[in-house]
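Work out the full structure, taking the sequences as your base and the hints as a guide.
Protein sequences appear in the order of chains A and B.
So that you can map any letter, position 65 of the first sequence is 82 in the working numbering, and since no number is skipped, the others follow by simple counting.
So that you can map any letter, position 10 of the second sequence is 192 in the working numbering, and since no number is skipped, the others follow by simple counting.
A portion of the hints provided could be inaccurate.
To be verified - Sample of chain A residues facing chain B (criterion: CB under 7 Å; computed from the structure):
no. : residue
1   : D56
2   : S57
3   : L58
4   : V64
5   : E65
6   : E77
Said to hold, decoys possible - To be clear about the criterion: a stretch of chain B counts as covered by chain A if any three or more of its residues have a C-beta under 8 Å from a C-beta of chain A, and this derived list gives those stretches:
no. : region
7   : 443–455
8   : 462–475
Said to hold, decoys possible - Residues of chain A clear of chain B, computed beta-carbon distances all greater than 12 Å:
no. : residue
9   : R20
10  : S41
11  : L45
12  : T62
Honestly, the hints are just simulated from the structure, not real lab data.
Don't be surprised by glycine CBs; every beta carbon is placed ideally from N, CA and C.
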Amino acid sequence: MTRDEALDLVRDAIRRIVPDADFSAVGLDEPYRDALELDSLDFLTLVETLHKRTGVRIDEDDYPKLTTLAACADFLASHTG
Amino acid sequence: MPSLGADMDEGTLIEWLVHPGDHVERGDIVAVVETAKSTIEIECFDTGTVGRLLVEPATTVPVGTPLAVIEDGAKAPAAASHQAAARRGAASAQMSAPAASPAPAPSVPVPAGRKPAEVSPILRHLAHELHVDLAAVLGTGPGGRITHADIEHASRTRRTRPRASPLARRVAGELHIDLGRVHGTGKNGVIRAEDVRAAAAPSAPAPSAVPAEDAPPRQPPAPRAAQPDRAAAMRRSIADLMSRSKREIPHYYLAAEIDLDSALNWMRERNRRLEVADRLVPAALMLKAAARALTEVPELNGYWLNDRYVPGAGVHLGVAISLRTGGLIAPALHDADRLPLSELMSALRDLTSRARAGRLRATETADPTMTVTNLGDQGVERVYGVIYPPQVALLGLGKVTERPVAVDGLLGVHPGVTATLAADHRASDGAVGARFLTALDRLLQKPEEL
Chain A
18 MTRDEALDLV
28 RDAIRRIVPD
38 ADFSAVGLDE
48 PYRDALELDS
58 LDFLTLVETL
68 HKRTGVRIDE
78 DDYPKLTTLA
88 ACADFLASHT
98 G
Chain B
183 MPSLGADMDE
193 GTLIEWLVHP
203 GDHVERGDIV
213 AVVETAKSTI
223 EIECFDTGTV
233 GRLLVEPATT
243 VPVGTPLAVI
253 EDGAKAPAAA
263 SHQAAARRGA
273 ASAQMSAPAA
283 SPAPAPSVPV
293 PAGRKPAEVS
303 PILRHLAHEL
313 HVDLAAVLGT
323 GPGGRITHAD
333 IEHASRTRRT
343 RPRASPLARR
353 VAGELHIDLG
363 RVHGTGKNGV
373 IRAEDVRAAA
383 APSAPAPSAV
393 PAEDAPPRQP
403 PAPRAAQPDR
413 AAAMRRSIAD
423 LMSRSKREIP
433 HYYLAAEIDL
443 DSALNWMRER
453 NRRLEVADRL
463 VPAALMLKAA
473 ARALTEVPEL
483 NGYWLNDRYV
493 PGAGVHLGVA
503 ISLRTGGLIA
513 PALHDADRLP
523 LSELMSALRD
533 LTSRARAGRL
543 RATETADPTM
553 TVTNLGDQGV
563 ERVYGVIYPP
573 QVALLGLGKV
583 TERPVAVDGL
593 LGVHPGVTAT
603 LAADHRASDG
613 AVGARFLTAL
623 DRLLQKPEEL
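So this is what it looks like as structure tokens:
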């Protein structure tokens, strides 16, 4: 999976949780959870969706690596090969 | 129309999920109702066969209005949802049906098979005086007997309900027209659908406060039909309830810092072995601990009604959930003290997603015994909450942060949370609130026992 594909996948997964998410207001390197008001349950749903769609196992210790959209995309791209 | 919360006085029937002749079990979901706050699935409170549906879809009726008749074979007909509140224990009965007579359960059982037509001469006289047709009154007394309150209620409903055809009511509901302002041209002044449409036409003088753009498209009512003014209605409903709280409830506030080191370490170890779907979040641990603490301090788990404290039947933890469209709702996690952590976690996720999708069940919105509001995800450190009347306490949880703590005479850094309790000083004193926070702290130090 390329980084761009991963980025699309992450945006799509977030849109399923926050249907009217405005990604133009969230920079790739900004923390999206605050900007899009994802609470801890929403974040868990996001992790679950990313895991289901990519097969990548995401442990709790990996959560700090998923704080920005760019970081999410990098994480998924590097783990799918 | 059951009361689906302390702040509800009317509801709009959106759709029927059953038809006359269907067999229904107690607990089946039979209808969908829209309130100012949410779209809610109504459960049936009786087992039997659906007789007549008394309320048309898209009709708004006051709390206490019978929605349908459930026929129970040989026994007298009983109203579905009519006595909803009364069957759910004394506390919620008084909370949700202040208009109905809060008659205590009779100590002498009423002989079975009593016909609803048996009405005392005094009540017959009252019905006559108030021009109420007894045949149309559904009894809420023992064995379906008609009570004084039923007749008064029928009289009030009759006076406040303009005479209109079912279609007119439906159209009025869709167009957000108040039937009280429509001039009826039908026989005996009955409002017809055309009258409603005429009143809605832009050429007509419109004293109605409803702006034209609020009128939803003319199509079968969908759960989302009233979305545009939902936010405003919810704001008003929150405004009413919170004003009442601050007007009537002498709040006192207590706060405690709780060390979450052992709780979060335990949780992390547990989550490591689990799939994402089965993992816990810190909020679930804290909710479970709060529910258990309430079993130790029952003085905070209930309602202030008629100048006295009424303990709740079970620990039904209200969970404040903020909605993306604005506003918030605090439905109940039933028997949270008895749910194993994994079940509490899935119940919490289910409740949150349904609250945000606007699909809660009646029993979830009606009877929380204490509410927990968690603003930690919003970055807040401490919450000084406003109690949801008639509840008597509210627990506020802030953000989990790393903080310096003294451990065995040394300085360490542990994750911790500030828990604040807002409590009703009429129902309890500071010592009681302190016991609750102490219990919460103690329970969170032994997460494996939660």
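Hints, verified against the model:
no. : hint    : verdict
1   : D56     : holds (4 Å)
2   : S57     : holds (4 Å)
3   : L58     : holds (5 Å)
4   : V64     : holds (5 Å)
5   : E65     : holds (4 Å)
6   : E77     : holds (5 Å)
7   : 443–455 : holds (count 3)
8   : 462–475 : holds (count 3)
9   : R20     : holds (23 Å)
10  : S41     : holds (18 Å)
11  : L45     : holds (22 Å)
12  : T62     : violated (8 Å)
Checked against the numbered hints above, the structure violates only hint 12.
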